[in-house]
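Novice: Listed below, chain by chain, are the residues.
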Amino acid sequence: MIDCTTAVTQLWDFVERELDAGDKANIEEHLAFCRRCCGEVEFVEELRSFLKDAARPGLPLDAEQRLGQFITDLEESGP
Amino acid sequence: MDTTGTVDSATFGQVAREQLPWLYSLARRLASDHAEDVVQDCLMRAYKAFPTLRDHQAAPAWFRRILVNCANDYHRSRMSGADETSLDDTSESTLFRRILDEDPLPYSDSLHLDFLHSFDDEDVWKVLDRLDPKFRIPLVLVHMEGFTTATVARMLGAPLNTVLSWLHRGRKRFETEMWNYAEEHDLLRQAQEVRS
Chain D
1 MIDCTTAVTQ LWDFVERELD AGDKANIEEH LAFCRRCCGE VEFVEELRSF
51 LKDAARPGLP LDAEQRLGQF ITDLEESGP
Chain Z
1 MDTTGTVDSA TFGQVAREQL PWLYSLARRL ASDHAEDVVQ DCLMRAYKAF
51 PTLRDHQAAP AWFRRILVNC ANDYHRSRMS GADETSLDDT SESTLFRRIL
101 DEDPLPYSDS LHLDFLHSFD DEDVWKVLDR LDPKFRIPLV LVHMEGFTTA
151 TVARMLGAPL NTVLSWLHRG RKRFETEMWN YAEEHDLLRQ AQEVRS
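Residue numbers (the working numbering), protein chains in the order written: chain D, 1 to 79; chain Z, 1 to 196.
Next comes chain Z alone, as it looks inside the complex (with noise of 0.2 angstroms):
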């Protein structure tokens, strides 16, 4: 801010221009296609917030935390009611299980390592696009961007109990699509083949 009270807008770009790949990055996990309009919306509310914004070294999570909500908010209005209930996140199944008993490389001496190998980052992406982004937003942000449970609660103004919750149905479903999506793309006859 200058000494009028008005933005300092060469400053704004330039914080922005810094932050735009990792805005970009963590969009693309967030809201995988829609990625640059979720960032878009950042921009703007961070433009407009900027003034706030007193300690430019906190400008990382600072416009981290507008991305989230802008992502959170961008699905919110696109939410299609669908039946959350129709998959069982109670079974005991595990991905790990599943592994083990349908064998799905029998010459590997590392079978879980190699299913997890079988999948390139652009997989892992797709697989991530597969999942409610009630339970997709919450896996990114503590398994891959590292925050906290406690601050991811409070990035989306969720009760720790009820973030850890789509935590759990989150990982059961990313597990449960990355068996899906591997049987769909023939990954695992290609890692078979790999080996061979």
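Next comes chain D alone, as it looks inside the complex (with noise of 0.2 angstroms):
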């Protein structure tokens, strides 16, 4: 039976679907019995969303003229 040290280092990759059989069933047995490393399964959960739903820097309007402009330099006179 994996300790708690053992099962927080392979928590992401249990979630990500990244283990392979062995460790993912050691991973399931452990939480079958620790309530702890339960919440940190959701909270891994909890961050990947939250990192996944991050808004996308947006793209200023005087960087987009710069690369515009740029574009077309590229365009009129090559690199």
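Calculated directly from the structure, the hints in this document are not laboratory data. Values in this document were obtained by computation on a predicted structure and should not be read as measured data. Ideal Cβ placement from N, Cα and C applies to all residues, glycine included. Among the hints, a few may not be true.
[Unchecked claim] Now the stretches of chain Z that chain D is said to cover, found in silico as 3 or more residues with beta-carbon under 8 angstroms:
hint : segment
1    : 11-21
2    : 28-41
3    : 56-67
4    : 141-155
Hey, can you piece these two chains together into the complex? The hints should help.
Specialist: Written as structure tokens, this is what we have:
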């Protein structure tokens, strides 16, 4: 049976389904009795969503104009 | 490409302009305040290599791959050589436990979620900025941009196990820096005041 120290290092991979069958079974066995690590798993899922849903930085108008001009210059005179 | 074999610059311009918002947003996540430099480098390389892009449907992925290389090269050229072993990446301490132990929002009935929600988008970018690029880049590509670890390994020209190790350490550091940032910027007190 794995302990919490081992389990917490693998929880992201567990949630991402990147563990092999043996490691996955060990985590499931641990989670069956460890309430705190179940909370860890829940938090990993929340943190994953939090990162995935973070808004994309927008393209400021001044940067858009400069980069647009850069493209025009490339088109006209090459790199 | 036109029939003479030269770059069809009008098409390059059209395709590049379409990609600009996505390229800038990815560059901002990967290279923070240097995003514009990285996008310019990407545009330059893309212009030179444009004749090799046969299928314009593949342009988004093609541009992103070039941009990741540019961001990687940008950071490589500015490596500080700082000691990367100073932080303990092997401890079992996690952000979940720290929030639980320190209970920064005593009246919250969804403590961990409220902690996350005390960060706005600008805060998240600032926390990302604190990470060494070696850890930030895989973290952004996998957890924010949705690339698989195998794809990221190919993009970065690194073995899969190395990328997995960077990811593991990057997530740990991101958690540590979230806590540090929240303390330094008084986010938790502000969140508490909003609740009461």
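Novice: Now look at each hint and say whether the structure bears it out.
Specialist: Each hint, compared with the structure:
{"no.": "1", "hint": "11-21", "in the structure": "holds (count 6)"}
{"no.": "2", "hint": "28-41", "in the structure": "holds (count 6)"}
{"no.": "3", "hint": "56-67", "in the structure": "violated (count 0)"}
{"no.": "4", "hint": "141-155", "in the structure": "holds (count 4)"}
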